[in-house]
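J.: Listed below, chain by chain, are the residues.
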Amino acid sequence: MVTSNFDYFAPTSVDEATSLLSRYRGEAKVLAGGHSLIPMMKLRLAEPGVLVDIGGIDGLSYIKEEGGGVSIGSMTTYRELATSSVIQANYPLLADASARVADLQVRNRGTIGGSLAHSDPAGDIPAVILAIGGSVVARTRRSSRDINIDRFQVDLLTTALRDNEIITEIKLPALAAGTGTAYSKFHQPASHYAITGVAAVVTVSGGTCTDARVAVTGAGDKATRARRTERILKGKELTQAVIRRAASRAAAEVEDSLNEDIHASAEYRAHLTQVHAGYAIEQAAAAAG
Amino acid sequence: MSTEITVTVNGTAHPASVEPRLLLAHFLRDVLNLTGTHVGCDTSQCGACTVHLNGEAVKSCTVFAVQADGAEVTTIEGLADGDSYTNVQQGFWDEHGLQCGFCTPGMIMTSEALLKQNPDPSEDEIRAGIAGNYCRCTGYQNIVNAIGAAAKAGS
Ligand SMILES: Cc1cc2nc3c(=O)[nH]c(=O)nc-3n(C[C@H](O)[C@H](O)[C@H](O)COP(=O)(O)OP(=O)(O)OC[C@H]3O[C@@H](n4cnc5c(N)ncnc54)[C@H](O)[C@@H]3O)c2cc1C
Ligand code: FES
Ligand code: FES
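If you read the sequences in order, they're chains A and B.
Mapping to numbering that gives the first Met the number 0: the first sequence position 140 is 139, numbers consecutive.
Mapping to numbering that gives the first Met the number 0: the second sequence position 153 is 152, numbers consecutive.
Just to be clear, a hint being listed does not mean it is correct.
As the list claims (entries may be wrong) - Across the chosen pairs, the derived CB separations fall in these ranges:
(1) A/E46 to B/D119: 56 to 64 Å
(2) A/D255 to B/H95: 48 to 56 Å
(3) A/T82 to B/A15: 30 to 38 Å
(4) B/M0 to A/R161: 20 to 28 Å
(5) B/M0 to A/N147: 35 to 43 Å
As the list claims (entries may be wrong) - On the chain A side, residues computed to face chain B include the following (Cβ under 10 Å):
(6) V1
(7) A9
(8) S12
(9) H34
(10) P38
(11) L42
(12) G54
(13) L103
(14) H191
(15) T207
(16) R226
(17) Y278
Stated by the list, open to error - The following residues of chain B were derived to be distant from chain A, with all beta-carbon distances above 12 Å:
(18) N9
(19) A12
(20) H13
(21) C99
Treat the hints as calculated values from the structure; they're not laboratory data.
Glycine is no exception: its CB is placed at the ideal position from the N, C-alpha and C atoms.
Model the full assembly from the supplied sequences, consistent with the hints where possible.
T.: Structure (structure tokens):
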């Protein structure tokens, strides 16, 4: 399969890349790992006239401990996330989810920035970052802004990113002492995309849950926080009964946008969401100590 | 608009003028006549097109040739040293790790990468490692045996 024609630019700095995006605004797309964009272009679901390849820009691939949290360069690959001791120690669910994206070859190319910008309804990383919290750093030629992850995923394949902006960094906060994390997914056996995946980050202090962020992917049109589930967990001792009750509400926020395709019906996805919410919360609670 | 690139393939630098939309798989096969790299699904799933890009296994049907400008690429043709096979190639030979052979170049390139990451994989790790490579003939068992044999030979 051949994509439509495009002009190709390989800038060597973020300034050069953002200038190109401004100059060709509306026509240009950023090319990162290419593992969502190139398949879409081959199917002619995307036909950008200009590609700005950010793969040749030095300094967009890093994992840094900073001010208690961790900053991740947008071109950091799944393989780098999965094998990083900093990620394994600070956000075990991110290391685990990254190791379970697709396959060895795709993990060498796909990037955290691309995964967030693409916002695939079945992508793993958007839900994981949503559960951790934090922000996405978006730069234009003239400015830079931090977009809170809670406001980043807007709709199916749609984010708060403007078409002249490049994600340069993802900023993750330090997790409080007593926090446990887990990601549980039911994957499509060929692609490993999430038919349903649930990410949970829970903090337990003195036997009660003081904070919880739970995010669902695969079920609806975008990664979504399960706020009703979170509310049930907060302030309670995380007994089996509480976890079960909280998990049973995990599909509430995606009820109106449940996916239905050859892999799973809407009803089955809603069910899987509850089951995997239960697994994720239980594992996160166990890890919280 | 053509783009000038130079890709070093199996140790030889190849300057070329290519359309940006040319895929690395087609650059290797149609421009350089290195037809050992196969195109199976052309949709990023089957792994038949796997090559090493700067030492890492990638699906070359999902990389534009222009993205490999300045890079080192290794294909199945670049593995053997004369008549001397790598442990993985020898493993596939000894354990009968192929039938029709269509998936084999990609399977071997992924196996080489897997053993570099994890020189002593368990059977489960081998199966997970080749999850991005489909074989329609063997049922995988002899491929898994071949990779196991290569790991043993390498230790
Ligand atoms: C066979 C296969 C299996 C897969 N399985 C899974 C899976 O199990 N789980 C999963 O989560 N994903 C899966 N994926 C998708 C994969 O994770 C993609 O790599 C990822 O979604 C996109 O990242 P990328 O770096 O390849 O981005 P690209 O494809 O390069 O870009 C995707 C989109 O984001 C934009 N973009 C990219 N980077 C930036 C940036 N820094 N700033 C602004 N815009 C940007 C691009 O313009 C484009 O619109 C799979 C892909 C394939 C091919
Ligand atoms: S031909 Fe590239 S993955 Fe199938
Ligand atoms: S040997 Fe025929 S596809 Fe694998």
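J.: Under the criterion of a CB-CB separation shorter than 10 Å, is A/H191 in contact with chain B as hinted?
T.: 7 Å, holds
J.: Against the range 48 to 56 Å, how does the distance between the Cβ atoms of A/D255 and B/H95 compare: consistent or not?
T.: 54 Å, holds
J.: Can A/R226 be said to touch chain B, with a Cβ gap under 10 Å?
T.: 34 Å, violated
J.: Against chain B, is A/G54 within 10 Å by beta-carbon distance?
T.: 6 Å, holds
J.: Grab the minimum C-beta distance from A/L42 to chain B and call the hint holds if it beats 10 Å, violated otherwise.
T.: This interface hint holds because 8 Å falls under the 10 Å limit.
J.: Within 30 to 38 Å or not, the Cβ separation of A/T82 and B/A15?
T.: 34 Å, holds
J.: Between the beta carbons of B/M0 and A/R161, is the distance compatible with 20 to 28 Å?
T.: 26 Å, holds
J.: Compute the least Cβ-Cβ separation between B/N9 and chain A, then decide whether it is above 12 Å.
T.: The assertion about B/N9 holds, with a minimum of 19 Å to chain A.
J.: For the hint on A/T207, does the least C-beta distance to chain B fall short of 10 Å?
T.: Interface hint status for A/T207: violated (38 Å vs cutoff 10 Å).
J.: Can A/Y278 be said to touch chain B, with a Cβ gap under 10 Å?
T.: 20 Å, violated
J.: For the range 35 to 43 Å, tell me whether the beta carbons of B/M0 and A/N147 fit it or not.
T.: 39 Å, holds
J.: For B/H13, is the shortest beta carbon distance to chain A beyond 12 Å?
T.: Holds: least Cβ distance 18 Å, greater than 12 Å.
Consistency note: the structure conflicts with the earlier hints numbered 1, 8, 15, 16, 17.
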